[in-house]
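**Student:** Spelled out from the first residue to the last, the chains are:
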Amino acid sequence: MSTVATVPEGTVNPYTLSHLDSLESEAVHIFREVAGEFERPVILFSGGKDSIVMLHLALKAFAPAPVPFTLLHVDTGHNFPEVLEYRDRTVKKHGLRLHVASVQEYIDAGKLRERPDGTRNPLQTVPLTEAIQQHRFDAVFGGGRRDEEKARAKERVFSLRDEFSQWDPRRQRPELWQLYNGRHAPGEHVRVFPISNWTELDVWQYIERESIELPEIYFAHEREVFNRGGMWLTAGHWGGPKEHEATETRLVRYRTVGDMSCTGAVDSDATTLDAVITEIAASRLTERGATRADDKMSEAAMEDRKREGYF
Amino acid sequence: MTTPILSAERLAATTLLRFATAGSVDDGKSTLVGRLLHDSQSILTDQLEAVEQASLNRGQDAPDLALLTDGLRAEREQGITIDVAYRYFATARRRFILADTPGHVQYTRNMVTGASTAELAVVLVDARNGVVEQTRRHAAVAALLRVPHVVLAVNKMDLVDYAEPVFAAIAEEFTAYAASLGVPEITAIPISALAGDNVVEPSAHMDWYGGPTVLEHLETVPVSHDLTACHARFPVQYVIRPQTAEHPDYRGYAGQIAAGVFRVGEPVSVLPSGRTSTITGIDALGESVETAWAPQSVTIRLADDIDISRGDLIAPADDAPAVTRDVEATVCHVADQPLSVGQRVLLKHTTRTVKAIVKDIPSRLTLDDLSQHPAPGQLVANDIGRVVVRTAEPLALDAYADSRRTGSFLLIDPADGTTLSAGMAGASFAAVAEAAAPAADDDAEWDF
Chain A
1 MSTVATVPEG TVNPYTLSHL DSLESEAVHI FREVAGEFER PVILFSGGKD
51 SIVMLHLALK AFAPAPVPFT LLHVDTGHNF PEVLEYRDRT VKKHGLRLHV
101 ASVQEYIDAG KLRERPDGTR NPLQTVPLTE AIQQHRFDAV FGGGRRDEEK
151 ARAKERVFSL RDEFSQWDPR RQRPELWQLY NGRHAPGEHV RVFPISNWTE
201 LDVWQYIERE SIELPEIYFA HEREVFNRGG MWLTAGHWGG PKEHEATETR
251 LVRYRTVGDM SCTGAVDSDA TTLDAVITEI AASRLTERGA TRADDKMSEA
301 AMEDRKREGY F
Chain B
1 MTTPILSAER LAATTLLRFA TAGSVDDGKS TLVGRLLHDS QSILTDQLEA
51 VEQASLNRGQ DAPDLALLTD GLRAEREQGI TIDVAYRYFA TARRRFILAD
101 TPGHVQYTRN MVTGASTAEL AVVLVDARNG VVEQTRRHAA VAALLRVPHV
151 VLAVNKMDLV DYAEPVFAAI AEEFTAYAAS LGVPEITAIP ISALAGDNVV
201 EPSAHMDWYG GPTVLEHLET VPVSHDLTAC HARFPVQYVI RPQTAEHPDY
251 RGYAGQIAAG VFRVGEPVSV LPSGRTSTIT GIDALGESVE TAWAPQSVTI
301 RLADDIDISR GDLIAPADDA PAVTRDVEAT VCHVADQPLS VGQRVLLKHT
351 TRTVKAIVKD IPSRLTLDDL SQHPAPGQLV ANDIGRVVVR TAEPLALDAY
401 ADSRRTGSFL LIDPADGTTL SAGMAGASFA AVAEAAAPAA DDDAEWDF
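So the protein sequences, as listed, match chains A and B.
Its first residue numbered 1, the first sequence is counted upward by one per residue in this note's numbering.
Its first residue numbered 1, the second sequence is counted upward by one per residue in this note's numbering.
Hints were generated in silico from the structure; no laboratory data involved.
Please note that the accuracy of each hint is not assured.
No more than 20 angstroms apart at the CA atoms, straight line, and that leaves these computed lysine to aspartate or glutamate pairs for EDC-like [unchecked claim]:
{"no.": "1", "chain 1": "A", "residue 1": "K93", "chain 2": "B", "residue 2": "E246"}
{"no.": "2", "chain 1": "A", "residue 1": "K92", "chain 2": "B", "residue 2": "E246"}
{"no.": "3", "chain 1": "A", "residue 1": "K60", "chain 2": "B", "residue 2": "D283"}
{"no.": "4", "chain 1": "A", "residue 1": "K60", "chain 2": "B", "residue 2": "E287"}
{"no.": "5", "chain 1": "A", "residue 1": "K60", "chain 2": "B", "residue 2": "E246"}
In isolation and in its complexed conformation, chain A is listed as follows (with noise of 0.2 angstroms):
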């Protein structure tokens, strides 16, 4: 290679970056890339983590200057408080716009039926979609990563999606070198995946290196849980537990953040973010194996839900 040269076996080069700062560039790219190219972008933002370090992102990417998009939370009715409460600090904090499109709201009027088993994330894709149309969004920020699931591993940074918000895998564009192609009809979007290439394990790296503030549940802490096909849900108002259902006290974290119903947590004792780290580092089961009901409808519920126009 004619001008790449390699730096001489066992010298130090001072050139080098670490997996998180190469990681970090490359998201701040991708935000920089959707702010010069398009016109309505919107973040999706629901106080987990991964929207949590997606707007940090943002934050230092357009610094000094306030970040150019708006905020996105689609609210299933079911959330934990804790992280509601976050969000809307979050959001007042930093100055930002927040619309809300709520699950509860199309219930109530209709548009939408509460489902046999009483889970509400497949039911954010219809509030999710008609938001992203009435606010004629044309770029939406995902905290999706491709180590989540088999589906998410095929998507692309930017992701085509058609005028009923589908996605189609085997339509997607090839995505070269670091040129992403955001083109799009009127009536499309495009779905934005910043932190595609990081793992969990990057997610907790990154969110204890640049001190990045968490809601509590992430923390190990004492709550009353009832088990429900062997995961630990949270009593609430959303309708657990059932009679034959027992409450317990335990210690427990949680490694998602979702609809309370189908969100289980972990037990834990893992107070602080270097615990949390350790346990990660050391676990044996992927965060949405370990927590999420919703994945495991079928073999490809997740590509079949990205289908419809989830994120």
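Given chain A's structure and the hints, the job is docking chain B onto it.
**Tutor:** Coordinates of chain B only, in the frame set by chain A:
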């Protein structure tokens, strides 16, 4: 189980290697990938259980590790890999992003996709078959994309009695071929992915082999380059102008350094306008620094308030690229619709997208024997060919050989936004370019 549990500090200090695998359908690529993931403890219990369950449902006796990587319904139904999948694993020394690319002949574009961001490519060969057409095709794509390191993994050594002469002959043939294309570094490793020889653990069956295992090589291959030898390039992505009480006059040019090193105090040119200024500050995501290098995302401030916007390129005043509207390049055609002479397209180069027209397609390359077909008129999916493109506005374009980042571009269909072709400016193969150098006078005749 080779990976010890690491402290947070140790984990944060590791570097990142992006690599791609290439191999024909039956060369054992899935087995190799499966073993790398498995032995680095990257397959977790619930994933393995899901694969076991799915394999059982299909009536298979053993867990089919390909189900780990074949994430799409269509792939699992047909038992083939259609699309690139990205995999993540880590050892104590390094974190890895693996672009797992399908081996089918008709998916050359997928190998191009995987190789475009890779610093290393693993080319798999079946020891019983040796170097075949598909092997040459993979070597050519790696050379074309200028992947800095190539590993030849001679697999299924267990089926040739772990015989050194078999390995030596294949390694010699491949190395000669790849070197003729200008592949800068080739490492040949005899393995059995199935038996686990030389993948993660050294083989007990091949004491004649003194080199590294595949994983050892992946862990130690140098990923950082001597950037002082590279032409520094900074495509402007976005202009940051807060216009707030706190920062009334801040004006910074945000971007990711594409190549080389930039320093405060350095005189720079802005292209394509050619205006000059001096770097007064570099902000590296919240921290003010004196020096920054590729691939850091930074914000550069200049002494003069000159007209700079997205799509401009900042380069050292004494080392700026030439500006041109005539692009000669090799492209890999990635779309189902063809690319034809006379076609109007968009050309996306770094942060700049301009109108362009395909003036000529002088030749199409046959990867099997690297022969060229003159004037094919058009390129279809998975074709690789030379093109001449005229752009509506000038571009600060480097040769791809000098910079993968500022020498690459996309051709896009202006009607529906489809990515048509992946382009690499300048000569196709390093070795051919060097051979062509003495005859520089008539280099317009050179295609491959």
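**Student:** Just pull the numbers of the violated hints for me, sorted ascending.
**Tutor:** none
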